[in-house]
Structures are given as structure tokens and as C-alpha cells.
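Q: Sequence:
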Amino acid sequence: MRFLSEEDKENKSTSTETADERAESTKSRLVVSVSGISCTTCALAIEKQVRKMKGVDDVKSAIMLNKIFIDYDPALIDSTRIRKAIDKTGYKSHMSVEEK
19 MRFLSEEDKE NKSTSTETAD ERAESTKSRL VVSVSGISCT TCALAIEKQV
69 RKMKGVDDVK SAIMLNKIFI DYDPALIDST RIRKAIDKTG YKSHMSVEEK
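Going by this note's numbering, the sequence shown wraps up at 118, each residue one higher than the last.
Careful, some of the hints might be misleading.
[As the list claims (entries may be wrong)] Taking lysine-lysine and the PhoX-like style, the derived pairs with C-alpha atoms no more than 25 Å apart in a straight line are:
| # | residue 1 | residue 2 |
| --- | --- | --- |
| 1 | 110 | 70 |
| 2 | 85 | 45 |
| 3 | 45 | 66 |
[Stated by the list, open to error] The calculated label-pair distances, taken between Cβ atoms and stated as ranges, are:
| # | residue 1 | residue 2 | range |
| --- | --- | --- | --- |
| 4 | 56 | 93 | 17 to 25 Å |
| 5 | 47 | 105 | 29 to 37 Å |
| 6 | 112 | 62 | 15 to 23 Å |
| 7 | 44 | 110 | 27 to 35 Å |
| 8 | 92 | 57 | 26 to 34 Å |
| 9 | 98 | 53 | 30 to 38 Å |
| 10 | 93 | 53 | 16 to 24 Å |
| 11 | 91 | 57 | 14 to 22 Å |
| 12 | 56 | 91 | 18 to 26 Å |
| 13 | 81 | 106 | 15 to 23 Å |
| 14 | 92 | 56 | 26 to 34 Å |
| 15 | 93 | 58 | 26 to 34 Å |
| 16 | 58 | 105 | 25 to 33 Å |
Honestly, the hints are just simulated from the structure, not real lab data. C-beta: ideal position from N, C-alpha, C; glycine also.
Generate the whole structure from the sequences, applying the supplied hints.
A: Listed below in C-alpha cells is the structure:
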């Protein structure tokens, strides 16, 4: 059985933190304005369609704002494909803003 020295423990925790930080830095948020969202059912239909896409981590809707907030990995999917998936549900996506 091998015990880790204090230096080994410190190096291990530092390398884990940097890996987590790198994972966070590769994520982006897309905020899309969508016309016609008038109820929870509408919002859930959009969320379900977008959530199926590889690279999408989280989808939240704000019905009163007519906005969809999408956390995604830009290495796996781009904002254009996400907006096309929203449009495929029958709702029209308008302006979008990307955040890191």
C-alpha cells in the first residue's frame, strides 16, 4: 500500500482543478429569442428538441422573456445547428447571443 506525500496530494489536487477549469472554459451559453412561446408546453417542446443534440449540456426556457438559454460545448455543436433545431419545432428563433 502506497501513501501519498503532501506534495503528491497537492500536485494531484492542482491537476484536477486545472482539468475542471479547462472543461468549464470550453462551455458556452447561447441565449436565443424565440417568438410564439406562450405556455409551458411550448417551451418543453423546444427544450426536448434541443436537449437531444450531442454537445448540449443544459436547456432552460424563460417563457415570459421568450428566451431559451442553452449551455453547450462549441467543439461538438455550433449555434447555427441549435437555432435550426429550434426552428424545426415550428417556433421561429430570432436574435441570439453567445456567452462564454
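Q: With reference to the structure, classify each hint as holding or not holding.
A: Evaluated hints:
1. Pair hint residue 110 plus residue 70 holds up; C-alpha atoms about 19 Å apart against a cutoff of 25 Å.
2. Using a Cα cut-off of 25 Å, the hinted pair residue 85 and residue 45 holds, with the two alpha carbons roughly 19 Å apart.
3. The suggested pairing of residue 45 with residue 66 holds, with an alpha-carbon distance near 20 Å, which does not exceed 25 Å.
4. In this structure the hint that residue 56 and residue 93 lie 17 to 25 Å apart at CB is violated, the actual value being about 34 Å.
5. Evaluation of the 29 to 37 Å hint for residue 47 and residue 105 yields a failure: the beta carbon distance comes to about 19 Å.
6. Separation of residue 112 from residue 62 is about 20 Å and conforms to the stated range, judged on CB atoms against 15 to 23 Å.
7. Taking 27 to 35 Å as the suggested C-beta distance range, the pair residue 44 and residue 110 conforms, at roughly 29 Å.
8. For residue 92 paired with residue 57, a C-beta distance near 31 Å keeps the hint of 26 to 34 Å intact.
9. A beta carbon spacing of about 18 Å between residue 98 and residue 53 contradicts the range 30 to 38 Å that was offered as a hint.
10. A C-beta distance of roughly 30 Å is found between residue 93 and residue 53, which places it outside the suggested range of 16 to 24 Å.
11. A hinted range of 14 to 22 Å for the beta carbons of residue 91 and residue 57 is inconsistent with their spacing of about 30 Å.
12. For the pair residue 56 and residue 91, the beta carbons lie near 31 Å from each other, so the given range of 18 to 26 Å is not met.
13. One distance hint, 15 to 23 Å for the beta-carbon pair residue 81 and residue 106, holds here, with the actual separation near 20 Å.
14. A hinted range of 26 to 34 Å for the beta carbons of residue 92 and residue 56 is consistent with their spacing of about 30 Å.
15. With their beta carbons about 32 Å apart, residue 93 and residue 58 fall inside the hinted range of 26 to 34 Å.
16. Evaluation of the 25 to 33 Å hint for residue 58 and residue 105 yields a failure: the beta carbon distance comes to about 20 Å.
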